[in-house]
Amino acid sequence: MLTTSLRIAQKALKRNKLRTGLAILGMTIGVAAVLTMFALGTGAQESVSSDVKSAGTTLIFVRSGNFTRGGEESRIPTGLGSTNSLVPADADAIAKIDGVKYASANLRERTWVETSNQRFYTQVIGVDVNHPKAYGWGFPKGKFFKSDDVASAAQVAVIGTTLRDHLFGDENPVGKEVMLHNQSYKVVGVFEARDEDQGEYAIIPYTTAQKVLGTSSIQMVTVSAEQAGDTTRISDAIKALLRKRHNLDKAVPAPGAPSALGGLQAPGLGGGANPDDFTVKTQASEALTKGLNTSVAAFILANMPQMDQTNSQEMAGTLSRAGSTMTALLAAIATISLIVGGIGIMNIMLVSVTERTREIGIRRAIGARQSDVLQQFLVEAVTLSVFGGVFGIAIGFIASFVITNVLHWPATISITAVALAFGIAAVTGVFFGFYPARRASQLSPIDALRYE
Amino acid sequence: MTTTPVISIKNLTKTYQMGEVAVHALRSVSLNINAGEFVTVIGPSGSGKSTLMHILGCLDQPTSGQYFLDGKDVSHLSDDEISSVRNSKIGFVFQGFNLLTRTSALENVELPLLYSSTPVSASERRNRAMAALEAVGLGSRYEHHTNQLSGGQQQRVAIARALLNNPSILLADEPTGNLDSRTSVEVMDIFQSLKEDRGITIVLITHEPEVAAYGSRIVAFKDGLIVSDELNEQRRTARGELAELPVAVEETA
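These protein sequence lines are chains A and B, in that order. Just so you know, the first sequence maps onto residues 1 to 452 in our numbering. Just so you know, the second sequence maps onto residues 453 to 705 in our numbering.
Hints in this document: simulated from the structure, not taken from any laboratory. Hints are supplied without guarantee of correctness; some may be wrong.
Said to hold, decoys possible - Calculated pairs, SDA-like style, for lysine to any residue (alpha carbon to alpha carbon, straight line, at most 25 Å): (1) A:K14 <-> B:A574; (2) A:K17 <-> B:E595; (3) A:K101 <-> A:H246; (4) A:K11 <-> B:V572; (5) A:K133 <-> A:N182; (6) A:K11 <-> B:H596; (7) A:K11 <-> B:S592; (8) A:K11 <-> B:K541; (9) B:K524 <-> A:I446; (10) A:K11 <-> B:K524; (11) A:K11 <-> B:E595; (12) A:K96 <-> A:S216; (13) B:K674 <-> A:T3; (14) A:K11 <-> B:S575; (15) A:K176 <-> A:S216; (16) A:K14 <-> B:T553; (17) A:K186 <-> A:Q118; (18) A:K14 <-> B:R554; (19) A:K11 <-> B:S556; (20) B:K541 <-> A:S216; (21) A:K14 <-> B:G488; (22) B:K541 <-> A:T357; (23) A:K11 <-> B:R593; (24) A:K11 <-> B:N550; (25) B:K541 <-> A:R358; (26) A:K11 <-> B:S602; (27) A:K11 <-> B:E576; (28) A:K14 <-> B:K674; (29) A:K186 <-> A:H246; (30) A:K14 <-> B:N550; (31) A:K11 <-> B:V458; (32) A:K11 <-> B:A574; (33) A:K96 <-> A:Q118; (34) B:K541 <-> A:R450; (35) A:K17 <-> B:T555; (36) A:K11 <-> B:Y594; (37) A:K11 <-> B:S573; (38) A:K11 <-> B:N579; (39) B:K541 <-> A:L443.
Remember, predicted model here, so these are calculated numbers, not experimental data.
Modelling step: build the complete structure from the supplied sequences, incorporating the hints.
Have a look at this one:
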């Protein structure tokens, strides 16, 4: 019966090609609008989240020492990275925190990197094997060193592209030697970083760096969160973990004299407890206080409410809220055009029912039930809307393509969006086709037969 | 005869409300029609014969009274049930043919099978429709659209369609009203042979006494009442008359 209804619908629609075409056109525009809207919305979201990713908001830096308090009045070690309060085991423990993807033990030193005929003063950073993953480094030449190299404190180095240019020019440095502190290191790879500053770095295993610096502690742990929104929670978890590991929560005499910052709140200094002997900062707060005098930085961070919690993820949140406002606006436009398309179909179907009143009468006289007539006209309406849906999807693809390539707005069409657009078209057909179809089915057979 | 009549109506009334005025189209009509009868119902317009036809055809329901079709009371059924009765037990032939335009003769004849309660396969629909078209002499024109056929041919398509589900009764409402005299006689010949050869019960409604004279029984209506109901002794035979009429060229199907 359904195939019969489809055939009848096909025939009836073919009979009035222009009218059918215009009804389909209305639907096509509606569906194309919906699909393009989705494509723009998805594209905007993806570009926001990829911006956020490339900004590295998943990063958290844990440093030894605490620059917020210092001087004779406190008993805590001061000076960033200059103390030995962090050890590699801390990095391992941080790596086990839920939501942490990578944790890399770091030490750094500014020194000369030399070849037989070139030398360059730069940062040499000792890291763990997953450090490149946290930063998303690429390796145009060679590879990063392996965990074996870390375990054995091997004298291997990976250099940034800028450093490579300074030392080796166009030559492939992989397999060659560089000198650090008059020690020879084998270059195993060249890395490419998004951050241009990092291009100057020489990277060695942190164990090797420990040996060079003669220490068993580390200066910093670079932590990468699995999810961008998670950095604040993870920061808190790291603080709690390290305080426990470093036994800082044991009762301690009341803090001494008032600090230089007077009554202002000082972070990391809980009443009655030892202050932190480390500093945890997200990349966002890091960026904010970059280059500032430590006291000023502490002042800013301590007294700008929630500043510590403001990270790029929240900026991304703001962006995506703006994005959803735009999406809502586009959705409203799409919905309106869909409704207009639907009304077009309803109008055509009402005309069609009136024109074919006699046909309805004949079918009823021959034994068609009300439901048969209802189905026949419903199938016709859905056929219209589904054709509109198919064409609309095609036009939506074209529109998204044009928007991406001509206007350079990101627009991504997902399978879900296509399925949704098609579903919406079919539902619109049923919704707007139902009234005319019902009207057709409720005609009295005699009146319908007599209709001229 | 002790057999149940095909049609049995008892005290049937039908009243239409036209604004303030109540129009009594049928005033307590009772009538039995037996299997194999060819009943012609005659009466002027407004006599109630069309209302009777609509009720007999289950297109309309009586205001009061009962209607038994094949012994079953069909005067108060649901719409779906009544649709099924129309589909399986009643065949209609109308004055205006009432065929689907821009649709082939074959598809028109197939139509009742589309709505039958037991599904019929496409090939069987086609076979049965072809057989019905051949029976009315239109086997070679099945592909023609109905608007490409002459009036007589269209009425024959309508008859083929009406007979497709082997109905209990064939209801014809002024079937010759739109036809010329020779074609009218040809159509009456089809009706008469359906009665004689296949024993089909026919109720034919007309306002022309000449057409009514082809029936085996004539029921006359006036003002919503039966005024006479008698067997037709001087029955016209269409076959004999056809032989005497000149052959119309366009009707060579």
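> Which of the listed hints are not met by the structure?
Replying inline: Failing hints, ascending: 5, 8, 10, 13, 15, 20, 21, 28, 29, 31 and 33.
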